[in-house]
Amino acid sequence: MKAKTVDATTTPIETTSTRQAELLKRSWLKFSESKVSIIGLVIVSVFLLLALGGKYLVPYPEHIGSYVDFANAGLPPSSKHFFGTDLMGRDVFSRIVGSFRNTLMMGVVVLSIAAPVGFMVGVTAGYNKGTFIDTALMRVTDMFLAVPPLVLALAIASVLEPNLTNSMLAVTAMWWPWYARLSYGVTSSLRSENYIIYAELVGAKLPHIIFKEILPNCLSAVLTKMTLDMGYVIIIAATISYAGLGEQAPRPALGSMIASGVKYMPAQWWLTVFPSITIMLIVLGFNLLGDGISSMLGAEEI
Amino acid sequence: MTIITTIVKRLGGAIVVLLGLSMIIFSLMRIIPGDPARLALGPTAPEEIVEQYRERMHYNKPLPTQYYYWITGVLKGDLGVSTVTRRNVTRDFAEFLPATLELVIWAGIPPIFFALLLGVLGAMYNNRWPDYLIRFSSYIIVATPAFVWAVLFMLIFGYWLPILPSIGGRISMKFSVPSVTGLMVLDALIDAQPAAAWDAFLHLLMPSLALALGHTMQEARLTRSHMLENAGKDYITMITSQGVPRRIINRRFLLKPSVIPTVSIMGLDIASIFGNAFLVETIFNWPGISRYAMNAILSKDINAVCGVVLLFGVIFILTNLLVDVVVIILDPRMRQTRTA
Amino acid sequence: MDNAQTDTILEIKDLSVSFDVYGSISHVLDGVSFRVNRGQRVGLVGESGCGKTTTLKAILNVLPPNAILNKGEILFEGHNVFTMVDRQLAEMRRTGAGMIFQDPSSALNPVFSIKQQFMAALKYAFPPNTPPKELYEIAVKALEDVMMPDPERIMNSFPYQLSGGMRQRVCIAMTIAAGRKLVLADEPGTSLDVTIQDQIMRLIDRLVQENDLSVIMVAHSLGVIREFTSYVNIMYAGTLVEGGKTRDVFENPRHPYTIALMACVPKLTGEGIAEGIPGRVPDYTAPPTGCRYFPRCPYAQEICRAKKPQPVEIDPGHWVSCYLANEVS
Amino acid sequence: MKRFLMVLLVVCLMFTIVVSGCSPTPADDLDTEEAGESIFRVTGPIMPKWDPAVGSDYAACVVLGNVFDSLVFPTADGGVEPWVAESWDISEDGLTWDFKIREDIYFHSGNHLTAHDVAYSMNRLLEIGEGYAYLFFEYIDSVEVLDDYNVRFNCKTSYGPLLNNLVRFYIVDQELLEANYADSGDYGDKGDYGKGYLLEHDAGSGPYIIDHVDTNISVSGVKFEDYWAGVDENNPDRFVVYASNDGVTVKTMMARQELESTDMWQTAENIDSMLASDDTFKLAYNYTGGGINLWLNHQKPPMDDKYVRECFGYLVDYAAVCETILPDSVQKKSVIPSNLLGYESVFDFEFNLDKAKAALEKSKYADTIKDMKLEFVWNSESPDREKVALMIQANAAKIGLNIEIVEHPWATIVANSADPKTSPMLTLTSITPDISDSGAQFVSMLRTKKVGTWENMNWVNDPELDKLIDHALTVVDIDERAEAYAEIQRYCGENIIFIPIAETPERLVYQSSYVDLDPKIPLQGFSFYLRDIKVYPERRK
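Protein chains in written order, with this note's numbering: chain A, 113 to 414; chain B, 785 to 1124; chain C, 41 to 369; chain D, 1151 to 1691.
A couple of the hints might just be wrong.
To be verified - Example chain B residues on the side facing chain D (calculated, C-beta under 8 Å, incomplete): (1) E831; (2) T869; (3) M938; (4) G1016; (5) D1018; (6) N1069.
These aren't lab readings, by the way, just hints derived from the structure by calculation.
Even glycine gets a Cβ: it sits at the ideal position worked out from N, Cα and C.
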């Protein structure tokens, strides 16, 4: 509260660069207010690093793909194999790290398609509030929202060939309506704001209004939702892959690793336990980071 | 008055939504490559028989005609025959839905009170050890998918410490409970079989816990943060400055506005319980509609999948409606926006 | 009015309060001291964010949880509110002092009816065995006092059903109804439009007169202060810079900030648009050493930076915290 | 505030009490109520469909054999013995088969089993057409009731394997079913032909009576004390077949003596860990002819080339499969398993990369194959096959072949198998023979079909081979037929139709402390023929 009022009295004497630096500093302070946000940042950074450079960092890069070594199959965790080996003799640690890339891709692709698509639908409907376009678009959105997300994703994934791309498609198909809802809400409340009406009066083009006037106002809400959604997308993706409808062997996916590991519980517990913990950690990291970012963006702009 | 208009309006919208949903899922299931009739009858069935089956199920007609046959059936309560159970899907629903409802009710309703309790505790002990404990565990629990909990519980309580029943569905074979409500524990009590009720409860414990953990902690977290946020609101300062005791403020003037957001997301929580039930029921062999649906999805049992998706749509819409009504009752502000 | 030097209802001594904002400490109030005598109307003037509301909240000991009391005490009828036990504190809040909040739309709980809130407040202000019916009548009476039409209907309404002015009146009614001695009015009506604000001020004026109350009136409208109060404190960035009888201060401002503040008020005589005060309220996380106003002060000297000026009484009852108090005018 | 903490503590405490309080309960169950019961429980992959005109999979035939009777009964050596049919008579031309029915057989309902029931059962099977109908559909023209105890099957063509196939022809209770037709159904005036009734009841005369059905969970039945062929007092009083065989669950139930035997689908690792956990768990074997084959889609280049197919024969590490992946298996050397009529060893593959390379050199794809992406599908229900697939993939990579592995749910494989274009290029299948005659196997695997099934994803489409098969089926004389079958195998060996990998016995972990399980009949489902199983509840700990 205090921060806000101080800003309000800012005069043009300040240079923009110091103001930006200050904003940045304040954002960081808000972000790091809760120490767990920093833990989240660390986890996510490590995850990103491993996702991007995992192939060069793991002890057995060839184990990520198809590889068979029955002599070393089913070994418990040791200094040679931190998380043990699976029943094909592949290093579980390497495979877990090897799956990060797809996990990351899943989250990024799903959100970077779902958010813009949902945004466009929501804005179009919200901007034309009360017209037929609004009703039609939002009814379609409601249709997708009328079923538990996982159910729809599983149904869609089952129709298609089971692979990573299609599971992304399935998750995206169930995800965009949430962004449509969100930007619909923001847009329809902005619709009556003076500056939008003013922009219309001076004859601004629709794209201008949408991208220059409405988008910046939706942005923080959408961004906050995106960071918070990341963990959830990963959970859904793992669930789909657990059901056997995601990434296919021999390429590793955390969900399918658990699904196949479960068949060998409890004797080969490491096949299940380590991927489970990994999912938990990744999601935890994104949730913590998301909380930090939302408190940062939330206090600053909403 | 406002509540009734809300319900009527929403139900009207729901019909349109459900019709659209039925079209989406119907066409989705028909674009499956391959032959549903062959799939239903197995590899060895003679081609003549398969052709008869195809004819009977209208699989050889154009899509709109198929949809017409199907949707008119659905409106009459006939969802078509499942290829897995070989029975009418409607009948399968009657058999499997109660089990899932029982699970969802146990996983959905009692934990809410637990969630509120934890949330309030967290807020009361803000930044002290109970709060840290609750927050820490909630972070961990929310980050773990329900199916992972199911697998872990199965291992811990079913195998390593075999204290809970791990298979055999809803109740041990030795009990026979006449179905009244379809909810096993309740039925057993109605039938005056406390031992059976206890047995059914034990069967429920693991799957419902696996389903409940995530949303409970999520709700607890939400309640806590709303409690803390609202504690700084002027109206709380105002009522405090009026000399109303802290205890009364917390319990009444702070709790109610803080609980409303939690209640209003319950519809979504119920949806996620239904979704997660897909794998949890499969893992625990729970004879519910989700396990049935999972089977149907994996074996491309077209009628069953369409029926289940539609059923879930209906349940989901009704739950959300119920939640909204509760929110309208709790939150007077909602009445304003509804009537406006 | 200010004859009863001995009859002090409230005395604030050297109050210093900080806030912990995202891990950094904002030193907001720094050595605030003033007193309110029984029946006196004291004004507190300053820019937004200078600590006026914080001061009021401190009086009722309802500061937010991230506030830190560094030093100082607030004596209400001789008892320090910071050391009161819960029972005393509650007693003080119920019957001693009450606050009218700046923004009536956020001061009422949105999910409870006016009746529920009003009755809860009254229930603890009156003896425990007072029948609810009686309390209800008191509430209705209070609403009538604040010129609310149809008080019974109002009682059954929820805040969202009332206009801003009506909410403000409800707040005032709740504050007055229990017969409190000191009213802390935090810029009442400023969030409402001007005519309503005027009505609210008149209402408070009348109620204070009728019930013989003491008032601390916080405002940044100098006109309101001049009309309404008999004594005024000028606050800048968490410190009091000048204080005295309203007339003295307005006619003879001595602190450079007060002078600048007066200059900002648009004169109806039409001497052109008022100029703002250059610069901004300092960053509380690292407030200026010495006088907090020196970065903006056109007369600032070395000593202003080095050491905090102490209040100097320049006329009887009129004091200034400025090294140049005698030179500036 | 404190009170909230107290409430929390109390709730936690209660939970602990609840959990710990229930711990003795399952144990109590065992001691007081189940210990004395003579029960045999086994898991299965899915809910059995025991309608003889519908079910034919592994789970179904576990129930079918115990609940219904067939005209003839399989013997341990692959032949048949009289059962419901006392004797039979085959006409010279092989077109007319007369059966004399025993007169002392009664259904569970108390109805007398007569020739009418036999005729009804065959007509019903052919009309519904699912399940084992394929064994008869193309060959049987009509069924005539000669009198109450004599029935005649008229064949369209001479059909040698018929007698063996009759092992899978189960007789249903006409009177009972007719009384229980649903009003509406797909069969005109017969309504649903009793299909609905058979989902929840039985209509048989076999040694066990279904009395408890929990759809998609389990089916359970009790011993039929008046069974005409007799039941032993140590045969279990009750049986249960569960409709799920998840590894953890199976292991848990075994450990808690909630299961008397596992099914054949448990992984090698799971079996090892069960055997290691309790020395009273023993393995029972049944050589039913199951196993694993590498299926090559002849309609998808480069699999149309014999030498490419040969190359794959040398890429399989047979020792690794038979010892590590599918323990107790032996290398399979023909297109049919060795327990079937007319078996002849025709393949002599070994794991040899040089020979693989040499074979590849001879193929017309020698230059191009390394740039091709070879699609290899395995079905997700069967994790052992993933290992085989990965092993082949890894070996193929060593000679420069690029195999891409795809995991498909079973339903997808079945759906895709309808057409040669969607059928996988490479896949692993296991086809367990339903009967001890190999004719049906040749037909389902190798004979040309318009619409495919998962069993013929080879898409051989070879008229020469079709001719050989069609001929063999008409031979009634058993030795001549065996020779005809051998010729088919030799043809397959020459042309390397597909790559057989291993023959694997059913491996069943059972509670040896109180159960005798020693499968005698090497046919699918007969491992759990309950008249061969003995349970001694008093020995149970």
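Each hint tested on the structure:
1. E831: Holds. Min distance 6 Å.
2. T869: Holds: closest Cβ of chain D sits about 6 Å from T869/B, inside 8 Å.
3. M938: 6 Å, holds
4. G1016: 18 Å, violated
5. D1018: 23 Å, violated
6. N1069: 5 Å, holds
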